[in-house]
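Participant: Take a look at the letters that make up each chain.
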Amino acid sequence: MALNIQQVIDQLDSRFAGQFGNVESSYGMTTIQVRKSAIFDIVKFLKEELSFILLTDVCGAHFPDNDLDMRFAAIYHLHNLVENVRIRMRVFLPEENPEVDSMTPLFESANWQERETYDFFGIRFINHPNMTRILNMDEMEVFPLRKEYPLEDAGRADKDDRFFGRTIHNE
Amino acid sequence: MSVKRFDEYIAKHSKDPDRELQVLNLGPTHPSTHGIFQNILLMDGETILDSEPTVGYIHRAFEKLVEHRPYYQITPITDRLNYCSAPINNIGWEMTVEKLAGIEIPKRAQYIRVIIMELARITDHLICNSILGVDTGAFTGFLYVYQIREKVYDVYETICGGRLTSNIGRIGGLERDLIPEAIQKIKDLLEQSKKTFGEFEKLMNRNRIFMDRTIGVGAISAERALNYGFTGPNLRATGVDYDVRINEPYSSYEDFKFNIPVGSAGDTYDRYCVRQAEIWESISIIEQALKNLPDGDYATSDSNFYLPKKQDVYTKMEALIYHFKVVMGESDVPVGEVYNCVEGGNGELGFYLISDGSRTPFRLHFRRPCFIYYQAYAEMIKGQMLSDAVATLSSLNVIAGELDA
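Line order of the protein sequences matches chains A and B. Residue numbering for the first sequence follows our numbering, starting at 18 and increasing by one per position. Residue numbering for the second sequence follows our numbering, starting at 5 and increasing by one per position.
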């Protein structure tokens with residue numbers, strides 16, 4: 018049985034109509050935008066019914082210019098190895114208290130990737146067995162990949178690189 | 005550092021006269037871990053009951069750094085991911101930008117890239133396998149194959165000037181053509197490596213001690229491996245024939261004939277055998293590429309992304325302008341998101357790039373295979389001996405630079 022991405026979208030449409038939208042294809046991959054409430058069920062359906070057995074990647078993104086309820090995104094890449102079909106899913110999350118269901122009950126590989134996403138963006142994953150920081154130190158108070166967090170500490174006194182054309186304002 | 009559940013377990017069972025419970029720190033700086041990882045082990049005598057890995061000791065915030073660098077300046081950062089096969093990371097990143105900007109690469113450049121990436125794969129696998137030998141008590145093989153790695157680094161040096169952190173290639177092709185001297189070096193290297201790997205395999209493959217130390221050690225089933233997101237040789241050792249080079253051929257891999265070796269048990273010995281077999285496939289791919297190396301350009305003519313010739317920069321105004329434009333990252337890139345993956349030394353190395361059309365990536369996420377499959381380590385060493393844990397770690401080929409990014 019050959020499976021193509023259109024059939025996947027059709028099957029999702031018949032099961033989860035209204036739970037996802039904005040189906041777009043670019044650079045050889047189809048992206049669907051999923052509602053926060055449906056992401057776990059959709060990933061479960063894709064894994065169990067359509068054999069998307071490899072969770073390639075989980076990551077986050079911060080969009081400071083978006084509307085308040087779409088400031089963060091959790092992005093999932095799933096891969097059906099046998100049919101070689103990939104799909105990307107994006108869940109937008111609000112600025113206030115961004116949280117989404119964890120994929121750890123379905124994929125062990127989600128564990129550290131979700132911890133990494135939490136570590137850098139502050140996106141919390143519900144039902145995660147160990148929602149703590151992973152790469153940064155536990156005492157850290159900021160989420161460093163958020164756009165408002167500067168690359169370097171602006172108050173650093175030991176370094177002055179204005180003469181190299183770089184200030185905190187034009188970086 | 006203490007783990008609460010270990011302390012509780014010890015407190016509960018400390019009265020039992022048959023148990024010899026203790027908490028042991030394996031790492032962060034331990035000679036047999038080949039990198040800075042810490043594993044806190046709960047041991048009963050010499051058996052591992054439970055373990056708690058800690059990662060992040062050499063985290064360098066690459067994903068933040070790259071949001072402040074033009075595309076051109078990100079290639080050297082990718083060197084520092086899996087530093088045992090830096091050229092694969094470099095070329096993987098360059099191909100991501102080429103995919104985003106729609107740059108066509110001449111066939112000759114694609115073939116040269118294949119040669120470089122396969123050389124990198126050989127070094128990656130030989131380090132992993134020879135260090136596995138060291139960890140199981142065979143130092144000779146390690147010293148013996150390391151001269152091949154030195155020769156491969158000589159080839160990199162001839163091609164691009166760099167060795168360990170190679171910064172090889174450019175967005176749009178290569179920085180210079182493969183000179184006859186480099187081709188001769190590669191041919192000599194292949195001849196020598198066939199001999200060396202043949203002898204290395206005679207030393208290791210059917211070695212009683214090596215087999216006893218590795219067969220059945222650190223095994224994982226195909227199903228669990230997929231659940232843990234394994235890719236690359238570690239997944240193939242469990243019997244799943246997934247290889248990005250076959251599934252989604254890039255850089256003209258479809259032109260070459262090669263096999264995908266798979267194992268069956270998913271244990272340390274199978275991982276060793278799969279890597280060893282892949283070295284032979286890589287040698288064959290390089291030979292095919294050298295034999296059929298097409299004529300033509302070694303880089304794209306798209307002057308918006310590829311640097312003009314140095315001679316022209318010094319003598320022609322237009323070339324000088326383009327030189328500045330490329331170096332300062334002022335070329336227009338499309339808005340969009342790209343996921344590009346290559347078969348790295350230890351699995352599917354992915355680059356997920358969100359571009360907002362500006363000179364730096366809006367977001368760039370590295371899908372680092374090590375980071376994902378190292379999660380399974382705790383499960384793989386459960387119930388094993390301490391010395392098996394060391395062999396398992398070696399055979400997984402966890403590279404600290406890639407793990408912590």
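Please keep in mind that the hints were generated in silico from the structure rather than gathered at the bench. What you are looking at is a predicted structure, and each value in this text was computed from that prediction instead of being measured. Treat the hints with caution; some may be incorrect.
[Said to hold, decoys possible] Restricting the straight-line Cα-Cα distance to at most 20 Å, the calculated cross-link-like pairs of lysine to any residue (SDA-like) are:
id, chain 1, residue 1, chain 2, residue 2
1, B, K261, B, Q114
2, A, K164, B, K261
3, A, K164, B, A65
4, B, K103, A, T48
[Said to hold, decoys possible] Here are the computed distance ranges between Cβ atoms for each label pair:
id, chain 1, residue 1, chain 2, residue 2, range
5, A, E165, B, I213, 17 to 23 Å
6, A, Q23, B, R64, 38 to 44 Å
7, B, R363, A, N83, 44 to 50 Å
8, A, Q24, B, D299, 41 to 47 Å
9, B, D299, A, E156, 47 to 53 Å
10, B, T162, A, R141, 48 to 54 Å
11, A, Y166, B, D316, 37 to 43 Å
12, B, K386, A, R141, 37 to 43 Å
13, A, F62, B, H17, 40 to 46 Å
14, B, S362, A, Y166, 15 to 21 Å
15, A, Q24, B, E203, 34 to 40 Å
16, B, M332, A, E41, 50 to 56 Å
Cβ atoms here follow ideal geometry from the backbone N, Cα and C, with glycine treated the same way.
Participant: State for each hint whether it applies.
Facilitator: Against the structure, the hints come out as follows:
no.	hint	verdict
1	B/K261 x B/Q114	16 Å, holds
2	A/K164 x B/K261	46 Å, violated
3	A/K164 x B/A65	14 Å, holds
4	B/K103 x A/T48	17 Å, holds
5	A/E165 x B/I213: 17 to 23 Å	57 Å, violated
6	A/Q23 x B/R64: 38 to 44 Å	42 Å, holds
7	B/R363 x A/N83: 44 to 50 Å	21 Å, violated
8	A/Q24 x B/D299: 41 to 47 Å	43 Å, holds
9	B/D299 x A/E156: 47 to 53 Å	59 Å, violated
10	B/T162 x A/R141: 48 to 54 Å	51 Å, holds
11	A/Y166 x B/D316: 37 to 43 Å	42 Å, holds
12	B/K386 x A/R141: 37 to 43 Å	29 Å, violated
13	A/F62 x B/H17: 40 to 46 Å	43 Å, holds
14	B/S362 x A/Y166: 15 to 21 Å	18 Å, holds
15	A/Q24 x B/E203: 34 to 40 Å	52 Å, violated
16	B/M332 x A/E41: 50 to 56 Å	32 Å, violated
The structure fails to meet hints 2, 5, 7, 9, 12, 15, 16 from the earlier list, while all remaining hints are met.
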